[in-house]
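A.B. asks: Listed below, chain by chain, are the residues.
Protein chains: 2
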Amino acid sequence: MAMQAAFLAGFSQLAAQPSRDCAVAVAPTRVAVAAVGSAKVGARVGLKAGIAAPAPAAGRGVRCRASLIEPDGGQLVDLVAPEEGGRRAALRREAAELPHRLRLGRVDKEWVHVLSEGWASPLQGFMREHEFLQTLHFNAIRGQDGRMVNMSVPIVLSVGDAQRRAIQADGATRVALVDERDRPIAVLSDIEIYKHNKEERIARTWGTTAPGLPYVEEAITNAGDWLIGGDLEIIEPIKYNDGLDQYRLSPAQLREEFARRNADAVFAFQLRNPVHNGHALLMTDTRKRLLEMGYKNPVLLLHPLGGFTKADDVPLSWRMKQHEKVLEEGVLNPESTVVAIFPSPMHYAGPTEVQWHAKARINAGANFYIVGRDPAGMSHPTEKRDLYDADHGKKVLSMAPGLERLNILPFKVAAYDTKQKKMDFFDPSRKDDFLFISGTKVSFHSCCVTL
Amino acid sequence: MAMQAAFLAGFSQLAAQPSRDCAVAVAPTRVAVAAVGSAKVGARVGLKAGIAAPAPAAGRGVRCRASLIEPDGGQLVDLVAPEEGGRRAALRREAAELPHRLRLGRVDKEWVHVLSEGWASPLQGFMREHEFLQTLHFNAIRGQDGRMVNMSVPIVLSVGDAQRRAIQADGATRVALVDERDRPIAVLSDIEIYKHNKEERIARTWGTTAPGLPYVEEAITNAGDWLIGGDLEIIEPIKYNDGLDQYRLSPAQLREEFARRNADAVFAFQLRNPVHNGHALLMTDTRKRLLEMGYKNPVLLLHPLGGFTKADDVPLSWRMKQHEKVLEEGVLNPESTVVAIFPSPMHYAGPTEVQWHAKARINAGANFYIVGRDPAGMSHPTEKRDLYDADHGKKVLSMAPGLERLNILPFKVAAYDTKQKKMDFFDPSRKDDFLFISGTKVSFHSCCVTL
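Protein sequences appear in the order of chains C and V.
The opening residue of the first sequence carries number 1 in full-length UniProt numbering; numbering runs sequentially from there.
The opening residue of the second sequence carries number 1 in full-length UniProt numbering; numbering runs sequentially from there.
Hints may be right or wrong, so weigh each one.
[As the list claims (entries may be wrong)] Here are the computed lysine-lysine pairs in the DSSO-like style, where the Cα-Cα straight-line distance is at most 30 Å:
no.	chain 1	residue 1	chain 2	residue 2
1	C	LYS198	V	LYS325
2	V	LYS431	V	LYS395
3	C	LYS109	C	LYS321
4	V	LYS310	V	LYS325
5	V	LYS384	C	LYS195
6	C	LYS310	V	LYS195
7	V	LYS395	C	LYS195
8	V	LYS395	C	LYS198
9	C	LYS288	C	LYS419
10	V	LYS321	V	LYS288
11	C	LYS431	C	LYS395
12	C	LYS384	V	LYS195
13	C	LYS310	V	LYS198
14	C	LYS109	C	LYS198
15	V	LYS431	C	LYS198
16	C	LYS195	V	LYS310
17	V	LYS310	C	LYS198
18	C	LYS395	V	LYS195
19	V	LYS195	C	LYS431
20	C	LYS395	V	LYS198
21	C	LYS422	C	LYS296
Hints in this document: simulated from the structure, not taken from any laboratory.
In this text, all values refer to a predicted model and were calculated from it rather than measured experimentally.
Construct the complete structure from the given sequences, taking the supplied hints into account.
C.D. replies: Below is the structure:
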């Protein structure tokens, strides 16, 4: 009789309905999650959820674009060299000839991917020192227009001392970024090199310096003692060739898809573990409430994280299979759901990181973000307690500079209602009717969604 | 031939001249630093620098108040119960009878002092959780008007678990704050109790959790595991009876003094060690440049920190004696200098803390802040290096949310010019002419002003 539980979305902060760009009102499209037109590369990316055929591109008479939330900085950053005009070939040649080449690790390459598609808009590349300092101290960066955009985790590239000295001795301003087999991926230009104080970076990002933080061990402990920032230009879109690339939709592709469906609200939900019935209740209930508020076509962005995760998290390929199943079985409505992969690596930095998760979804067009208990949290690596207060993520998110435009949907608890014999929102006035895992209070605190 | 060196103010960010509240233009007053009218208590506080007689209050025909910079939140917070109307006596009676009494340590009492006079405006008392979280994550708090005010160090009061349980069991909403001899000092009302995660607080404030941080050892390590926030009302102004109380001018008293002098620019300079000739050059040069810019009467707020400092810093009483000497001997012009004590305790939290030092001076009326090398810095407690990058303080300060209105004056280096035979700004094009301590490069990095 063990049941799962989840925290479901409340509506403490809700926006007015967005306006539309077109005058002609059209009915919401009823197109399944199946194909997304890529404005950028002119290709079609088929989603293989197997739930519907691709919608014909010409199948709609009026291309009425809903006004999606504006990306941070006003314009979605795109750092992929265009094929047109020979730019891509020229960059490839230059990268092959540049005397200084930095080899990217797995996580570095994931950040190149993230940056190149504009998830971190308005960042134009790996952070220079002024961006790094603002991130560490303020979780936000002031743009050229004076406005703050949220930026809570450092997106930085390290370099060792010997290479740093060689670059500086040459007075180089551009370096090539290469993969593990020395193949050029990108060029970093107008570079700036500054000290990598790892202790300070870790303390300010995680609120602890205890040994055993997964991201730190993967990407910081053995990293170089210097950081190199600059403007990034990548030679071609990052691919993983793992059978999941069709799920890796860029913010531009997602925006295109939301516009094609005439979404007038996009609510994003990130899981790093499999979906279960509690989540499904949450997501369908959220859509229902948005409809009740007057939105005509709220679309769910079901957006599992695809980058580095710790060893005991469920692997991406399993999670994607499970997400497909949920759609195939109709637990979620494919017509109002887009499943895609968020390419960021995972910091497990709790209240600091959840801001990044939310901010990146603004850039992908989401104006609602569902936040659960202890988002991006984990157990303390050396003490018998959770690393973060389970409520801090939600609280910090709701107060974060640069996220004022995003509607935060804090969860309400769902559990198995033994009277109604179904998953439902937990009602504290008849708490004995509800069953969490094994019906214990302990499980209430340990069972729930891991975001 | 050992010479001292200092970093002197450059003018990278300068404001336009402030407007004045009155139509009648008057010459700047030429009144010595000697007496400050206290708007609040109606008393006069005599400065004992011995440099001039108090200016008669009626000595100026036109009380033209320069437009000083607005305090954070628009209004200077004042948490001292007024004597009028019996409020003070009533609060004293209530505090004596409240069942829950929290005993304040030395640093707690200094914070009560700081809060009560509005240095931390718009804070109305010890931080509640939403203020604490914003401080840790954003170094800034969003006010009721939606604007961010800077707030970089937590101003919090801890409580132990037994007392926390007792307070909560009673459902108490008000507690008395008492001194080491159990005498009531203040009442904290509409209280909120939340967890004191010391590790996270330390990591996010200092960027390290290394043992040996002076403030941590003094005020956090043995503090309670809970924090208690609320609205503060203090029974009477905090006094120390150490012969220096006349220097402890509140922000209101300082503003009154600046207005009385018709200051149209106030530039603040904080030292936690004695003034030397390099500092004096810095301060007179700053005034000269402000005059050249068109300000009619820039006034220096020479503002040593008076609260908790680490054991090897020079004691406050010595520093004040030395500050008096500098004025007596005419090294600084008493007519354009106000010497007062900033009552805050010292965190030694570098780039995080310097924001607090600057923000508090806005509340006291300063619109220029002089920032030196490695402000609020110290040696790493366990490693052979400085805890902070010497340039980060200046950089972080110049980018900090909520400090946009403050003009940051970064230092230029001064050293002994052997050709001119006087202290002067360091000129790298003839660097061999300049002498730092013992003429070594090492001393250049270790000699300088400690801010």
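A.B. asks: Give a verdict on every hint.
C.D. replies: Hint check results:
no., hint, in the structure
1, C:LYS198 <-> V:LYS325, "violated, 44 Å"
2, V:LYS431 <-> V:LYS395, "holds, 25 Å"
3, C:LYS109 <-> C:LYS321, "holds, 24 Å"
4, V:LYS310 <-> V:LYS325, "holds, 24 Å"
5, V:LYS384 <-> C:LYS195, "holds, 16 Å"
6, C:LYS310 <-> V:LYS195, "holds, 28 Å"
7, V:LYS395 <-> C:LYS195, "holds, 14 Å"
8, V:LYS395 <-> C:LYS198, "holds, 19 Å"
9, C:LYS288 <-> C:LYS419, "holds, 23 Å"
10, V:LYS321 <-> V:LYS288, "holds, 26 Å"
11, C:LYS431 <-> C:LYS395, "holds, 25 Å"
12, C:LYS384 <-> V:LYS195, "holds, 16 Å"
13, C:LYS310 <-> V:LYS198, "holds, 26 Å"
14, C:LYS109 <-> C:LYS198, "holds, 20 Å"
15, V:LYS431 <-> C:LYS198, "violated, 34 Å"
16, C:LYS195 <-> V:LYS310, "holds, 28 Å"
17, V:LYS310 <-> C:LYS198, "holds, 26 Å"
18, C:LYS395 <-> V:LYS195, "holds, 14 Å"
19, V:LYS195 <-> C:LYS431, "holds, 26 Å"
20, C:LYS395 <-> V:LYS198, "holds, 19 Å"
21, C:LYS422 <-> C:LYS296, "holds, 28 Å"
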